[in-house]
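Undergrad: The chain contents come next:
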Amino acid sequence: MAGVAGSNPARPTPILIIAEKRDAAERIASALDSNYKAFNINGVKIYQIKLDNKEATILPARGHIFGLNSDVKNRRIYPVTDLEWEPLSSINKKFLETGNIAELARALLKNAEQIIIACDYDIEGETIGYNIVKYSGGLDKKLYRAKFSTLTSEDLRSSFNSLITREEWNMAEAGRTRHYIDYLWGINLSRLVSDKVRRIRYANLSMGRVQGPTLLELYRREFEINAFVPKPYWQTTASVEVNGKEINMIGPTVYSENESQRIKKLEGRVGSVESAKSYVESMPPPPPFNLAEIQKEAYRIFKMSPWKTLSVLESLYLKAAISYPRTSSQKLPSSINYKKILGRLVASYSDAANIRRSAPMEGKLNDPAHPAIYPTGEGKVITQDERNIYDLVARRFISCFMDDASVRKKMIKVNVDDITFAAEGMEIINRGWTRVYHFRELNDIILPDVKVGDQAIIKRVNLLNKFTKPPPRYNPSTLLEWMEKNEIGTKATRAEIIMTLYKRHYVDGQRMQLTNLGYGIARFFINSPVITVEMTRELEANLEKIEEGSVEAKKITTRSIGLLYEEIEKSRDDKELVEYFKLYLKGEKIANFGKCPVCGSGDLIFHRSVIGKRYLRCDKCGASAPMPSKGLIMPTKTTCKFCGWPLMRRGKWVFCPNPACPGKQK
Amino acid sequence: MNCIICGFPSGNEKLCFKHAVASKSLAEGYNAWKSALGISLDEYLNDIIKNRETGEWAVDVAKYIIETGDHSVLNL
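Protein sequence lines, in the order shown, are assigned to chains A and B. Its first residue numbered 1, the first sequence is counted upward by one per residue in our numbering. Its first residue numbered 1, the second sequence is counted upward by one per residue in our numbering.
These aren't lab readings, by the way, just hints derived from the structure by calculation. Keep in mind that a hint or two might mislead.
As the list claims (entries may be wrong) - For lysine-lysine, the following DSS-like pairs were computed, each having C-alpha atoms within a straight-line distance of at most 30 Å:
| # | chain 1 | residue 1 | chain 2 | residue 2 |
| --- | --- | --- | --- | --- |
| 1 | A | Lys-637 | B | Lys-24 |
| 2 | A | Lys-110 | A | Lys-134 |
| 3 | B | Lys-63 | A | Lys-664 |
| 4 | A | Lys-331 | A | Lys-147 |
| 5 | B | Lys-14 | A | Lys-652 |
| 6 | A | Lys-652 | A | Lys-641 |
| 7 | A | Lys-265 | B | Lys-24 |
| 8 | B | Lys-24 | A | Lys-264 |
| 9 | B | Lys-63 | A | Lys-466 |
| 10 | B | Lys-14 | A | Lys-466 |
| 11 | A | Lys-595 | B | Lys-63 |
| 12 | A | Lys-469 | B | Lys-50 |
| 13 | A | Lys-570 | B | Lys-63 |
| 14 | B | Lys-50 | A | Lys-466 |
| 15 | B | Lys-24 | A | Lys-469 |
| 16 | A | Lys-265 | A | Lys-303 |
| 17 | A | Lys-264 | B | Lys-50 |
| 18 | B | Lys-63 | A | Lys-637 |
| 19 | B | Lys-14 | A | Lys-141 |
| 20 | A | Lys-45 | A | Lys-93 |
| 21 | B | Lys-50 | A | Lys-641 |
| 22 | A | Lys-265 | B | Lys-34 |
| 23 | A | Lys-110 | A | Lys-21 |
| 24 | A | Lys-652 | A | Lys-231 |
Unchecked claim - Over the 10 Å line for every Cβ pair with chain A, so calculated as not near, a few chain B residues:
| # | residue |
| --- | --- |
| 25 | Met-1 |
| 26 | Asn-12 |
| 27 | Glu-28 |
| 28 | Glu-43 |
| 29 | Asn-46 |
We put the beta carbon where it would ideally sit given N, CA and C, even for glycine.
Let's have the full structure, built from the sequences with the hints guiding it.
TA: Here it is, written out as structure tokens:
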């Protein structure tokens with residue numbers, strides 16, 4: 001490290017730079033002044049540098065240091081209406097250290113003439129910076145914004161050489177409005193839910209503006225799967241001889257056994273080639289990554305969850321190895337200097353020296369704040385997860401400059417007694433970008449040369465009796481995709497929302513299955529007008545308008561709150577719904593798990609311990625049995641023939657919960 | 001009333017909301033199976049129970065009909 005630890009107390013300086021995190025602050029300090037000094041004041045590490053011959057202090061925040069809070073602490077009181085922004089240290093003990101940052105900010109701002117906000121250039125970064133300036137009394141000072149997409153020294157120096165004068169705060173306003181509405185939505189709906197299930201031992205129930213529609217989508221999918229009845233069909237395939245060579249072809253799909261037998265009888269019949277087409281298809285490289293796309297790809301390739309991917313990306317960004325990851329852009333502007341980046345990548349990726357395009361392949365999506373995710377060619381990548389994700393980013397970036405992959409496709413159709421069989425072949429001409437981005441494979445499927453009118457003999461017909469399948473369960477990646485497609489949540493918060501569904505035990509497993517608790521909560525909100533995709537999407541659109549400055553934040557807040565309070569009042573008084581909800585969650589407790597076989601009078605109650613262990617316990621004699629830690633467990637109507645305990649079912653597996661069951665010992 | 005299959009509260013209906021949806025799906029499925037294989041309702045229900053793709057609630061309804069002979073829940 002070039003900087004030195006300062007032994008003298010830090011002096012107030014005329015310039016104050018606010019960074020979002022400590023790592024970022026240190027990178028800014030070393031980029032702007034290799035002789036920077038670091039001071040530790042009450043546990044807060046600040047950096048002092050010379051900027052254009054003036055002294056400047058860099059103060060790192062720790063993400064948000066101000067948050068919303070309500071005076072109404074009693075969880076039984078709702079709706080909560082008044083919220084205030086307060087230092088996080090006074091809201092939650094977990095954030096005590098942020099109190100020192102807020103104090104330091106106030107002291108440093110008092111003497112500063114200029115303030116430069118150097119937080120991440122997005123809604124959250126803007127909100128973090130604005131709140132610090134506002135609540136430290138600095139809004140009347142000269143305010144500037146540093147805009148950068150990577151933490152490389154070059155980018156940082158360039159951004160400080162072209163600072164933006166900050167006169168409007170639309171982006172911060174949109175951020176603050178989102179926080180405000182989400183907090184109100186969350187606190188009130190969560191209190192409503194908790195109020196209804198107070199006597200049931202489930203803790204930390206929550207519901208939110210984005211969490212709600214996402215949970216309801218899982219609920220709908222659960223219905224489609226559990227009520228699914230497969231329908232039979234027959235997939236026909238045939239081995240067809242043309243010019244002495246056998247080709248495996250696909251015949252029609254039929255929906256009755258009689259029809260399938262009619263096709264089977266074609267064995268030995270002679271027809272002819274109806275069409276034979278061959279053409280070259282070009283496959284351009286995929287566009288560079290935005291956040292949603294890399295989260296999907298990391299799940300597909302490494303089975304890495306979306307939130308884990310985001311955390312690895314953030315760590316790579318803070319190490320200046322990649323550009324800012326919370327972006328929806330699929331564009332790579334020339335200002336990032338492709339040539340220099342590719343030059344740096346050559347040592348690890350030789351293909352970076354063989355690029356064929358002067359401008360990269362780009363997608364349609366744009367993000368005014370940041371370009372697509374790209375490697376900087378700098379920074380140290382340490383962990384295996386970081387190496388995997390960095391490799392993905394680097395290969396995708398290089399592939400954007402590679403030539404198209406090209407394949408010769410061949411389509412052959414033969415007709416026998418008015419039934420058509422078809423085959424599709426593929427021959428790789430040029431692997432193009434897939435040489436670098438080898439996560440997409442191309443394989444040859446060679447078909448012989450035939451021409452229209454050639455004789456075709458059906459040698460064998462195979463009938464494959466299949467059944468339609470239910471839609472697949474969502475996994476974190478496909479659910480994220482659904483959220484993105486329906487425009488609910490933001491690129492930065494979607495992964496966290498999915499993680500919350502797991503934390504609250506509303507869902508279980510990689511193939512996301514709703515728990516009974518999840519069913520109950522979803523059922524409670526299924527007809528609620530405030531928990532809909534449309535409502536959530538409308539609000540997102542309005543937040544964008546606030547960001548553009550075309551709508552006043554207050555107008556949107558007032559309208560949203562009105563709808564929310566109306567719904568809460570309605571649900572609070574809906575006794576039938578409330579009773580139903582209670583019964584639903586108690587369903588496991590009251591009847592479904594049956595009588596205790598030990599005392600014969602108590603009920604076997606399903607419990608989940610604070611550490612997540614699940615077990616059954618008799619509410620009278622205390623007899624207990626452990627339950628599988630994952631999956632939706634349902635009672636069956638039968639009892640174990642060995643010990644008399646009620647049998648349980650998880651999926652297709654039926655089991656006796658009694659650990660001392662003689663049947664198990666056998 | 002409680003659901004005749006799982007005992008869950010079902011308002012004024014014989015089946016709870018889950019099993020009601022499954023029962024409707026089971027009735028629709030029978031038409032497809034009948035025209036594909038020309039089988040009877042009992043044969044259909046037995047095949048459906050054994051099929052791995054059948055949803056849990058649909059299996060519950062099919063088993064209930066086989067055990068009790070109560071075809072009324074299907075609304076065919």
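Undergrad: For each hint, tell me whether it holds in the structure or not.
TA: Going down the list of hints, with the structure as the test:
1. Lys-637(A) to Lys-24(B): 22 Å, holds
2. Lys-110(A) to Lys-134(A): 12 Å, holds
3. Lys-63(B) to Lys-664(A): Holds, because 26 Å separates the two Cα atoms, which is no more than 30 Å.
4. Lys-331(A) to Lys-147(A): 17 Å, holds
5. Lys-14(B) to Lys-652(A): 25 Å, holds
6. Lys-652(A) to Lys-641(A): Answer holds: Lys-652(A) to Lys-641(A) is near 19 Å, not above 30 Å.
7. Lys-265(A) to Lys-24(B): Status violated; Cα separation ~37 Å.
8. Lys-24(B) to Lys-264(A): Answer violated: Lys-24(B) to Lys-264(A) is near 34 Å, above 30 Å.
9. Lys-63(B) to Lys-466(A): This hinted pair holds, its Cα atoms lying about 23 Å apart.
10. Lys-14(B) to Lys-466(A): Answer violated: Lys-14(B) to Lys-466(A) is near 33 Å, above 30 Å.
11. Lys-595(A) to Lys-63(B): This hinted pair holds, its Cα atoms lying about 23 Å apart.
12. Lys-469(A) to Lys-50(B): Distance of about 14 Å is within 30 Å: holds.
13. Lys-570(A) to Lys-63(B): 40 Å, violated
14. Lys-50(B) to Lys-466(A): 14 Å, holds
15. Lys-24(B) to Lys-469(A): With a Cα-Cα distance of about 17 Å, the restraint between Lys-24(B) and Lys-469(A) holds, given a limit of 30 Å.
16. Lys-265(A) to Lys-303(A): Since the Cα atoms of Lys-265(A) and Lys-303(A) sit roughly 46 Å apart, the hinted pair is violated (cutoff 30 Å).
17. Lys-264(A) to Lys-50(B): Holds, at about 26 Å.
18. Lys-63(B) to Lys-637(A): 11 Å, holds
19. Lys-14(B) to Lys-141(A): The hint is violated at about 71 Å.
20. Lys-45(A) to Lys-93(A): 20 Å, holds
21. Lys-50(B) to Lys-641(A): 23 Å, holds
22. Lys-265(A) to Lys-34(B): Distance ~23 Å between Lys-265(A) and Lys-34(B) Cα, so the pair holds.
23. Lys-110(A) to Lys-21(A): 22 Å, holds
24. Lys-652(A) to Lys-231(A): 20 Å, holds
25. Met-1: 12 Å, holds
26. Asn-12: Non-interface label on Asn-12(B) holds, nearest chain A Cβ at 12 Å vs cutoff 10 Å.
27. Glu-28: Contrary to the label, Glu-28(B) does not stay out of reach of chain A, its closest Cβ about 7 Å off (not over 10 Å).
28. Glu-43: 12 Å, holds
29. Asn-46: For Asn-46(B), whose nearest Cβ neighbour in chain A is about 14 Å away, the distance exceeds 10 Å, so it holds.
Violated hints for the displayed structure, listed by number in ascending order: 7, 8, 10, 13, 16, 19 and 27.
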